[in-house]
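Enquirer: So the chains spell out like this:
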Amino acid sequence: MAECHPVGFQWVIEARNRGAKVIHVDPRFTRTSAMANEYVPLRAGTDIAFLGGLINYVLSNEKDFREYLIAYTNAPAILREEFADTEDLDGLFSGFDPETLSYDPETWAYEGAEAAPAAGRRSDIVGDSPPEHSGPDQYGSGGATIGAKPKVDPSLRHPRCVYQVLKRHFSRYTPELVEEVCGVPPEHFRRVAEAITENSGRERTTAFCYSVGWTQHTVGVQYIRTASILQALLGNIGRPGGGILALRGHASIQGSTDIPTLYNILPGYIPMPLAEHELDLDQFVQEDAGQTGFWGNMRAYLVSMLKAWWGAAAAEDNDFCFDYLPRLTGDHGTYQTVLNQISGECKGYFLVGENPAVGSANAKLQRLGMSNLDWLVVRDLQMIESATFWKDGPEIESGELRTEEIGTEVFFLPAAAHTEKEGAFTNTQRLLQWHHKAVEPPGEARSDLWFFYHLGRVIQRKLEGSSEPRDRPLRELVWDYPCEGEIREPSAEAVLAEINGRGPDGPLSMYTQLADDGSTSCGCWIYCGVYADGHNHAANRQPGSEQSWVAPGWAWAWPDNRRILYNRASADPAGRPWSERKRYIWWSDEQRRWVGADKPDFEPTKAPDYTPEPGAKAQDALAGDNPFIMQTDGRAWLFAPAGLLDGPLPTHYEPHESPVANPLYGQGQNPTRQVFDRKYNRYNPPDGVFPYVFTTYRLTEHHTAGGMSRDLPYLSELQPEFFCEVSPELATERELEHLGWATIVSARTAIEARVLVTDRIRPLRMRGRTVHQVGLPYHWGPNGLSTGDAANELLSVVLDPNVHIQEAKAATCDIVPGRRPRGESLQRYVDSYRRRAGIPEEADR
Amino acid sequence: MGIRRWIASWPVYRQLTGSDPLGRGAAAKSRGSRELSPRTHDADRVVRSICPYCAVGCGQQVYVSNGKVSQIEGDPDSPISRGRLCPKGAASKQLVTSPSRQQRVLYRKPYGTEWEELPLERAMEMIADRVIETRGRTWQEHDARGRRVNRTLGIASLGGATLDNEENYLMKKLYTALGAVQVENQARI
Chain W
4 MAECHPVGFQ
14 WVIEARNRGA
24 KVIHVDPRFT
34 RTSAMANEYV
44 PLRAGTDIAF
54 LGGLINYVLS
64 NEKDFREYLI
74 AYTNAPAILR
84 EEFADTEDLD
94 GLFSGFDPET
104 LSYDPETWAY
114 EGAEAAPAAG
124 RRSDIVGDSP
134 PEHSGPDQYG
144 SGGATIGAKP
154 KVDPSLRHPR
164 CVYQVLKRHF
174 SRYTPELVEE
184 VCGVPPEHFR
194 RVAEAITENS
204 GRERTTAFCY
214 SVGWTQHTVG
224 VQYIRTASIL
234 QALLGNIGRP
244 GGGILALRGH
254 ASIQGSTDIP
264 TLYNILPGYI
274 PMPLAEHELD
284 LDQFVQEDAG
294 QTGFWGNMRA
304 YLVSMLKAWW
314 GAAAAEDNDF
324 CFDYLPRLTG
334 DHGTYQTVLN
344 QISGECKGYF
354 LVGENPAVGS
364 ANAKLQRLGM
374 SNLDWLVVRD
384 LQMIESATFW
394 KDGPEIESGE
404 LRTEEIGTEV
414 FFLPAAAHTE
424 KEGAFTNTQR
434 LLQWHHKAVE
444 PPGEARSDLW
454 FFYHLGRVIQ
464 RKLEGSSEPR
474 DRPLRELVWD
484 YPCEGEIREP
494 SAEAVLAEIN
504 GRGPDGPLSM
514 YTQLADDGST
524 SCGCWIYCGV
534 YADGHNHAAN
544 RQPGSEQSWV
554 APGWAWAWPD
564 NRRILYNRAS
574 ADPAGRPWSE
584 RKRYIWWSDE
594 QRRWVGADKP
604 DFEPTKAPDY
614 TPEPGAKAQD
624 ALAGDNPFIM
634 QTDGRAWLFA
644 PAGLLDGPLP
654 THYEPHESPV
664 ANPLYGQGQN
674 PTRQVFDRKY
684 NRYNPPDGVF
694 PYVFTTYRLT
704 EHHTAGGMSR
714 DLPYLSELQP
724 EFFCEVSPEL
734 ATERELEHLG
744 WATIVSARTA
754 IEARVLVTDR
764 IRPLRMRGRT
774 VHQVGLPYHW
784 GPNGLSTGDA
794 ANELLSVVLD
804 PNVHIQEAKA
814 ATCDIVPGRR
824 PRGESLQRYV
834 DSYRRRAGIP
844 EEADR
Chain C
2 MGIRRWIASW
12 PVYRQLTGSD
22 PLGRGAAAKS
32 RGSRELSPRT
42 HDADRVVRSI
52 CPYCAVGCGQ
62 QVYVSNGKVS
72 QIEGDPDSPI
82 SRGRLCPKGA
92 ASKQLVTSPS
102 RQQRVLYRKP
112 YGTEWEELPL
122 ERAMEMIADR
132 VIETRGRTWQ
142 EHDARGRRVN
152 RTLGIASLGG
162 ATLDNEENYL
172 MKKLYTALGA
182 VQVENQARI
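These protein sequences, in sequence, are chains W and C.
Per the numbering used here, the very first residue in the first sequence carries number 4; after that it's consecutive.
Per the numbering used here, the very first residue in the second sequence carries number 2; after that it's consecutive.
The set of hints was computed from the structure by calculation and includes no laboratory data.
Be aware that one or more of the hints could be misleading.
In silico DSBU-like links for lysine-lysine, alpha-carbon gap of 30 Å or less [what the hints assert, rightly or not]:
#1 K465/W <-> K69/C
#2 K602/W <-> K620/W
#3 K602/W <-> K585/W
#4 K24/W <-> K170/W
#5 K394/W <-> K110/C
#6 K682/W <-> K394/W
#7 K24/W <-> K585/W
#8 K585/W <-> K170/W
#9 K110/C <-> K682/W
Okay, the calculated bits of chain W under chain C, using three or more residues with CB under 8 Å as the criterion [said to hold, decoys possible]:
#10 321-328
#11 706-713
Just a sample of chain W residues kept apart from chain C, beta carbon distances all over 10 Å, derived [stated by the list, open to error]:
#12 L480
#13 G669
#14 Q672
#15 R681
Even glycine gets a Cβ: it sits at the ideal position worked out from N, Cα and C.
Next up, chain W with everything else stripped away, as it sits in the complex (with noise of 0.2 Å):
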């Protein structure tokens, strides 16, 4: 955090100063070690097996937060007698088929609760390879629809509550396997869980922050299931000093998954619909909508999105055009996507602000994609290697390609800067925050708002006289914002109020007022109120000097300008403070409202003994001691019942590449992973060729894929260039000098770095065997004034199942001193340890 979220990291600093410990996991010491209490090295890959040993410290030594437990998380319920775990089948859940290698998940919904939960209607298997499917990574903004609430034992004695089945399923991640799996000796472990545990529970509070540390892993999504789990067993969630902070690494990463320009999801997580089923929108709502909790509304949320997009053509009689959306069939992502141009399937590709020939997974399977377009358009500040791969990359000094033999056609066009445009962006903390414009953007540079709005403009003024069917949806799409300037800008602030929805009476101020009958309209549901009364809250700055801590006056956080989510957990079931020292949002009487410092993540006025009639439906439903109000039970989930491809409880398994077996089960890794095992894109297989452990990451100096660092002076002079970071020992096995250079190889290419030499990077002791790990930051490329390698060369593509992400934290590698060879000798050199390795030879796929 000190190192990529540095002015974040002052408030960490503030806590310390006031008493908080401060405890960093990492493979790597780094600047956040430096100022932490404590520091505790793992294996790159290992982190399940930590936390689960964490969960594992507060069942058995009954450390939980035992009210919060039963009344706010399903720990109480109970499940079907035919769910069996990987306790039992050795490494496996239940609904396991080997053929597809893929889950049906009927046998972890709750006992009594209707049969298929929608997880498993979701996801939509296509194609001969193991599941490419679309997963459950719609639930941004809250959990999977389950079909009814759960039998519950409050006295959690049943052996197949949720709290006994959690129990079994993790007790064996003792001190000693903790130590086993990621390298940390046992007494250091306890240090961890007894810090931890003395600071949760009615007095106290304790903070999980993570970045895409936790999530470039096949098991990914099943980390931050892993903290969740943890930090709902000490009810940590939902109160002030808890949480578990996912650290964006991009100004406007949150905003791009709120208003996603994601395939599977539409602004504020409603899903794209799926052909298999959905076919109009009755059908998609029953499938998608929970029947309990705020998600039963969706039908709203849905119609006043199309009422924004197709306005007056949107009937009710026409399904509000529905019909108009284009529908998925399996996993559209970019991975998916790179595999569709190498392939041919996918001709024209817009590069927004994006450097995927050095950001992505296995660069080079990107350029081959890029090289097989029939056009590129890329919009950027600087002429990054995404633009200019034909000409000067990797693959043309290695003979693969040449320039006169690539047909792609490549658009240059260059962007404006951020104080060249207006705009929010939506950070970590979800608060929108406007940024205003400076000054006009240099030449031809436009923002990528002028530039898809006049292309749309031109687009639809070449189709006006079509009477093609398929022209329909683009014909009679709302796109008229009004222009301003010399350059014809589109008010960004137009945009905005469009998202935030406007109904009969002028600008809607809550998602709560969105009606299913076409009468509003609203392009993002959860953004709904960042225009209210015509008024930018975008836009707001109250000084922090001058307003509470909570800082309501500053920008506009979603949902309704609340600061915490799930915030009604700060009080007990009958609506009093936890404590004194905790107290955030509680019940009061004289008011009958919710009331304290932030407003409430719940219906302001729900007393907290109201009881849901039967049959209530949406928020209703819930009763008033339910904080958790995106949920269709209501409460937090230790046990996942439905929404997962991979299981319903979280399971250390090893990476894809991994120098170890899993000490656990038979089973040695998420056996639903997402594999592309092809020319290209080979895997090193777990003998002695690719001995070392290497993990991926960031400077604080330097920025992504070097689009917006590499070609600025003050930050390549203080990182001039791309490096490998060893331990002593492992500098010695491998005769590494420091400062001079090492190539490191995988199966997919190797590459060169200069050498770090430092005990930043300790080699880890597992039981008797010794793992080394090496750091490679990734922001290099071959252009700007600050060049090397790219290290995501060497990263394989192979993703986790529910959200398709790749696993760059933790793969396998060779390191020798010496660079690495040129031209054609590099695909000799990488040949010959393919052919040690028994990887088949390129040009047999």
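Dock chain C against the given chain W, drawing on the hints supplied.
Expert: For chain C alone, kept in the frame of chain W given last:
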């Protein structure tokens, strides 16, 4: 210069007689340093912005002189950052004023070996033509299994996560109307 002023301009004299006996402040100030002023002083205006790097979302104050960005500072009012910026945020003036920033549209013909310049308006027309043509050629009313899909798999997009919400919104809206489903973002990666 009178003799009194001449003597008063001598740092040792000011140090002995003034309020700065250690000679670390006013006594040691030369004319040169006295006449320096922060480069933010003569800015025509200050515009409120947000740092474009990580998602902490630090407040920025953008100083503008003669229509150009002259400095970018942290915004002390921000309850998030309290005026601080990290090395990247503090270097962001170089990001927006970089001399190597591309300012013209460039075009590479299929199989071409060099870039050529292309007027922006012409590029927009050509890109719109490519989109329409590729979409028409790859349009799927139904997929191979006969399911209605209404889409094209011929066009894809990958966006960075420094896009404004409003930009992402127009992108998703337009692409969806085009039937392009392979719309992705750094947020997946």
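Enquirer: For each hint, tell me whether it holds in the structure or not.
Expert: Here's how the hints hold up against the structure:
1. For the hint linking K465/W to K69/C, the alpha-carbon distance of about 37 Å lies beyond 30 Å, and the restraint is violated.
2. Between the alpha carbons of K602/W and K620/W the distance comes to roughly 24 Å, so the proposed pair stays at or under 30 Å and holds.
3. Between K602/W and K585/W the CA atoms are separated by roughly 16 Å; this keeps the pair inside 30 Å, and the hint holds.
4. Distance check on the hinted pair: K24/W and K170/W sit about 28 Å apart at the alpha-carbon level, within 30 Å; holds.
5. For the suggested pair K394/W and K110/C, the alpha carbons sit about 12 Å apart, so the restraint of at most 30 Å is met.
6. Taken as a hint, the K682/W and K394/W pair is honoured in the structure, with Cα atoms around 23 Å apart against an allowance of 30 Å.
7. Using a Cα cut-off of 30 Å, the hinted pair K24/W and K585/W holds, with the two alpha carbons roughly 17 Å apart.
8. Between the alpha carbons of K585/W and K170/W the distance comes to roughly 29 Å, so the proposed pair stays at or under 30 Å and holds.
9. This hinted pair checks out: K110/C and K682/W have alpha carbons roughly 29 Å apart, not beyond 30 Å.
10. Check on the segment 321-328 of chain W: 3 of its residues sit with their Cβ under 8 Å from a Cβ of chain C, so the three-residue criterion for coverage holds.
11. With 5 residues having a Cβ less than 8 Å from any Cβ of chain C, the segment 706-713 of chain W passes the three-residue criterion, so the hint holds.
12. Separation of L480/W from chain C is inadequate, the least Cβ-Cβ distance of about 5 Å not exceeding the 10 Å criterion.
13. Every CB of chain C lies more than 10 Å from the CB of G669/W, the least distance being 32 Å, so the non-interface label holds.
14. With a least beta-carbon separation of about 21 Å from chain C, Q672/W lies farther than 10 Å from that chain, consistent with its non-interface assignment.
15. Residue-level check passed: R681/W sits 19 Å from the nearest beta carbon of chain C, beyond 10 Å.
Hints 1, 12, counting from the list given before, are not met by this structure.
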